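As they're listed, the protein sequences go chains W and X. Per the numbering used here, the first sequence starts with residue 1, numbered consecutively. Per the numbering used here, the second sequence starts with residue 1, numbered consecutively.
Treat the hints as calculated values from the structure; they're not laboratory data. Fair warning: there could be bad hints in the mix.
Stretch-level coverage of chain X by chain W, calculated; a stretch enters the list once three of its residues show a Cβ under 8 Å from a Cβ in chain W [stated by the list, open to error]:
#1 6–14
#2 85–93
#3 149–158
As the structure is a prediction and not an experimental result, all values here were calculated from the model. No residue lacks a Cβ here, since even glycine has one placed at the ideal position from N, Cα and C.
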Amino acid sequence: MTRTTARRPPLLLVGAAVVAVVVMALPLAYLVVRVLDSGPEAWAALWRLRTLETTLTSAVLVLLVMAGALILAAPTAWLLSRTDVPLRGLFFVLMALPLAVPSYVAAYAWVALIPSLTGIVPAAIVMSLCTFPYVALPLSALLRRMDGGQEEAARSLGLTPAAVLRRVVAPNAWPAAAAGLLLVALYTLAEFGTVSIFRVDAFTRVIFASYRASFDRTAAAVLALLLVVLALALVVAEARARGRAARWRVGSGSGRPAPVLALTPRARGFALAWLIGVAVLSLAVPIGSILHQLLSSQRREFDAADFLGALAGSVSSSSLGAAMALVLAIPVGVLAARYTARWVRILEGGAFIGHGLPGVVIGLALVFLTLMLLPAAYQTLAALAFAYAVLFAPKAIGATRTSVASVPPGMESVARSLGRGPISAWWTTTGRLAWPGVAAGALLVLLTAMKELPATLMLRPTGFDTLATRLWSRTEVEAFGAAAPYALALIVVAAIPAWLLSRWLGHHASTTETADEVEWQSSPVSVEKS
Amino acid sequence: MTASALAVSDLVVGYGGPPVVRQASCTAAAGAMLAVVGASGSGKTTLLRAIAGFIPVTSGTILIGDRMVDGPGVVTPPERRNVGIVTQDGSLFPHLTVARNVGFGLPRRTLPDGTPTSDRVDELLHLVGLSGLGDRSPHELSGGQQQRVALARALAPRPDVVLLDEPFSALDAGLRIELGTEVRDLLRSAGTTTVLVTHDQDEALSLADSVAVMIEGQIAQQGAPEEVYARPSSLEVADFLGEVVVLPVLSLAGGVATTVLGDIALDPTEVSSDVPHRVALRPEQLVVMPAPQGDQGTGVVEAVVYHGHDSMIEVRLPDGAVVRARALGSAELTPGDPVRVAVTGAGQRV
Chain W
1 MTRTTARRPP
11 LLLVGAAVVA
21 VVVMALPLAY
31 LVVRVLDSGP
41 EAWAALWRLR
51 TLETTLTSAV
61 LVLLVMAGAL
71 ILAAPTAWLL
81 SRTDVPLRGL
91 FFVLMALPLA
101 VPSYVAAYAW
111 VALIPSLTGI
121 VPAAIVMSLC
131 TFPYVALPLS
141 ALLRRMDGGQ
151 EEAARSLGLT
161 PAAVLRRVVA
171 PNAWPAAAAG
181 LLLVALYTLA
191 EFGTVSIFRV
201 DAFTRVIFAS
211 YRASFDRTAA
221 AVLALLLVVL
231 ALALVVAEAR
241 ARGRAARWRV
251 GSGSGRPAPV
261 LALTPRARGF
271 ALAWLIGVAV
281 LSLAVPIGSI
291 LHQLLSSQRR
301 EFDAADFLGA
311 LAGSVSSSSL
321 GAAMALVLAI
331 PVGVLAARYT
341 ARWVRILEGG
351 AFIGHGLPGV
361 VIGLALVFLT
371 LMLLPAAYQT
381 LAALAFAYAV
391 LFAPKAIGAT
401 RTSVASVPPG
411 MESVARSLGR
421 GPISAWWTTT
431 GRLAWPGVAA
441 GALLVLLTAM
451 KELPATLMLR
461 PTGFDTLATR
471 LWSRTEVEAF
481 GAAAPYALAL
491 IVVAAIPAWL
501 LSRWLGHHAS
511 TTETADEVEW
521 QSSPVSVEKS
Chain X
1 MTASALAVSD
11 LVVGYGGPPV
21 VRQASCTAAA
31 GAMLAVVGAS
41 GSGKTTLLRA
51 IAGFIPVTSG
61 TILIGDRMVD
71 GPGVVTPPER
81 RNVGIVTQDG
91 SLFPHLTVAR
101 NVGFGLPRRT
111 LPDGTPTSDR
121 VDELLHLVGL
131 SGLGDRSPHE
141 LSGGQQQRVA
151 LARALAPRPD
161 VVLLDEPFSA
171 LDAGLRIELG
181 TEVRDLLRSA
191 GTTTVLVTHD
201 QDEALSLADS
211 VAVMIEGQIA
221 QQGAPEEVYA
231 RPSSLEVADF
241 LGEVVVLPVL
251 SLAGGVATTV
261 LGDIALDPTE
271 VSSDVPHRVA
281 LRPEQLVVMP
291 APQGDQGTGV
301 VEAVVYHGHD
311 SMIEVRLPDG
321 AVVRARALGS
331 AELTPGDPVR
341 VAVTGAGQRV
């Protein structure tokens with residue numbers, strides 16, 4: 001990555017970036033002000049028994065999902081990267097595909113199949129099945145590129161193969177697994193649809209309920225702020241875990257390829273049974289259930305006009321959100337790609353405020369903000385699109401930064417020396433080469449926003465529906481057949497980024513061994529759900 | 001140094017296709033260092049990995065001391081061979097401290113003889129010159145220090161044989177020579193039998209007690225460094241170990257070959273009935289002097305390449321061939337000078 005530090009950044013660029021960061025930080029800042037303003041009332045809300053209960057429920061749920069994800073991911077990743085189990089290519093794709101099933105869609109599918117499912121354990125199982133690729137993908141990448149020399153050295157020092165797995169492979173793989181597990185935790189903490197469908201009183205559901213039913217908005221704000229603190233702690237922990245995983249490289253890196261274990265026929269049978277079992281539970285059951293609902297429901301339950309209306313709602317609000325995200329992201333991304341000063345990094349960090357922030361928090365903050373400052377904007381398409389922009393701008397910033405940084409700045413100087421003005425020089429070199437990456441970032445924002453549920457429920461104009469809200473309202477009244485088309489549409493929307501990512505992964509896997517590292521450590525487009 | 005601590009006989013190893021190691025045989029004397037040297041792809045690393053037990057052998061035997069570890073019906077897993085290995089990049093465990101790396105192959109607390117494991121670890125760290133660095137992480141050490149840790153780790157369980165797989169090739173040139181000598185002395189004083197695999201003939205010749213030259217999966221020649229360098233068994237071996245000057249033989253009588261550079265004694269002197277076509281010399285056996293005034297000399301200087309400690313002089317002979325001679329320091333010759341070329345020492349029939 002070539003950067004220049006000698007030049008001062010243009011004032012216009014700095015101004016635009018500062019404005020963008022301030023605008024993005026506004027909702028959260030207002031939430032803090034709102035809580036501090038309520039003073040004793042907020043303090044009392046914090047120390048209610050319900051706060052403790054909610055925290056415990058969320059904590060237990062997060063721990064259960066992390067445990068479930070690890071139990072699913074570790075054997076799967078090991079089998080696919082370290083054994084000669086048949087059809088590895090196919091199972092590798094199947095392992096990544098659950099990323100394309102938003103967990104509230106999976107929750108709907110399971111409940112449609114077994115309507116009596118409620119509570120924390122089913123919620124944890126369904127969310128584990130949807131999120132385990134976050135652990136399995138980096139884990140299998142690491143297992144595959146681990147220096148086989150280490151394992152051989154351990155054998156020479158007297159360890160049996162089982163002891164090598166325990167004393168060498170597992171400790172080496174742990175940082176990669178830990179980073180993935182923290183992503184799972186962050187996702188679980190922020191997830192609204194699944195916990196609501198299974199009636200688990202975690203933070204997101206309680207916040208939404210206090211906002212909607214009781215008009216106890218101070219309590220909602222206090223809980224939201226507590227949730228932000230927990231989410232921020234996870235974001236910091238995740239970044240540190242990734243940093244630790246990156247530091248753990250010793251030697252020149254020209255080690256032996258990792259050994260591949262030849263399975264006995266019996267072990268091969270067990271391995272295949274495991275992989276098929278995971279694929280059935282994570283993919284076949286939810287998709288089968290949706291298709292079953294779709295085919296068995298009576299024809300009159302499907303209203304084409306309703307569906308097209310919801311699709312139009314999703315596309316219009318998400319496109320507007322993606323456009324706003326792009327406007328906010330470009331100055332920050334360009335600045336971060338070209339200048340390394342400390343204040344630039346702080347500014348970039350500030351722009352990532354929406355990363356990992358639960359939609360329910362931004363939804364609530366924008367409800368407060370519009371009612372207080374700009375009542376005309378309350379429950380408008382613009383407010384909704386702005387929520388999307390704040391939540392998903394980090395994806396566009398990452399994409400912009402990576403694309404711009406990959407263009408050598410020397411090219412711009414050459415264009416200048418050939419007689420072009422500064423703007424024309426930028427546009428014909430950096431701009432021209434970076435725009436496909438930036439556009440991909442915007443597309444990712446668009447597709448991610450289409451799956452957003454809680455902020456959409458809170459901020460949408462009256463009578464306005466998206467695919468996600470329609471699935472939600474049909475599921476609430478147990479109209480499972482009517483919900484099925486929306487569930488299917490959401491899976492299609494979510495599958496596009498997963499498909500792009502897998503293509504990208506496949507492309508990189510064949511080039512260098514550091515590709516996996518680039519992928520998991522500085523991915524410009526990390527695929528995230530809802 | 002009579003008993004051999006390691007004996008490899010007629011070893012064949014492959015990865016499914018044509019074998020990579022083909023009927024290779026070599027031995028290492030107890031407490032000595034054997035260098036297996038060969039070009040990349042010659043099979044030397046495969047040979048080493050077979051000794052360590054990382055790849056199954058197709059046929060042949062490997063003896064460590066008097067234990068057969070590979071042979072007809074015998075396959076010993078790596079953890080029961082009592083062989084230590086140091087790889088090119090050390091393969092240290094990044095999740096453990098330096099001390100835990102060194103103690104990895106030892107019981108957690110006390111050794112069988114009752115001494116605490118930590119004492120043995122300290123002793124080894126002292127041996128490799130890293131006392132006091134036991135609490136560091138491997139990534140905090142330089143490349144050379146990492147290799148020292150890898151060596152200490154391999155030596156900790158007192159292995160019967162230590163295998164060094166290009167252990168210095170990832171280091172820069174100065175450090176490579178310094179660390180190589182130090183490691184050799186250290187292993188020698190510890191009485192450890194060592195096999196060093198390298199592609200660098202200088203490293204092999206300067207460090208080892210015995211050098212085995214591997215060419216296309218076979219050990220072409222094994223012997224003391226001076227012997228394989230001065231009396232190579234074939235032109236391939238001669239060529240791999242250093243530069244060679246090859247001259248056609250004009251006539252042969254009584255162990256003396258007549259060439260364009262005059263008469264050259266042959267070594268060994270016994271000459272079989274078939275007339276050797278060529279004789280091989282090392283460039284340092286050629287002595288180049290300016291031809292006296294008016295003398296045409298035996299050749300004309302074509303080029304002089306100055307290396308500091310020595311110079312390589314290229315001389316074009318009357319028959320058009322170019323020979324290369326090595327002279328200490330600067331040669332004080334310029335292209336075009338007529339020179340005389342004399343030969344010292346004996347030549348090899350090839």
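Stated coverage of the region 85–93 of chain X by chain W [criterion: 3+ residues, CB within 8 Å]: holds (count 8)
Within 8 Å of chain W (C-beta), three or more residues of the region 149–158 of chain X: holds (count 5)
Under 8 Å between beta-carbons, do enough residues of the region 6–14 of chain X, three at least, approach chain W for the coverage claim to hold? violated (count 0)
The structure fails hint 1 only (numbered hints given earlier).
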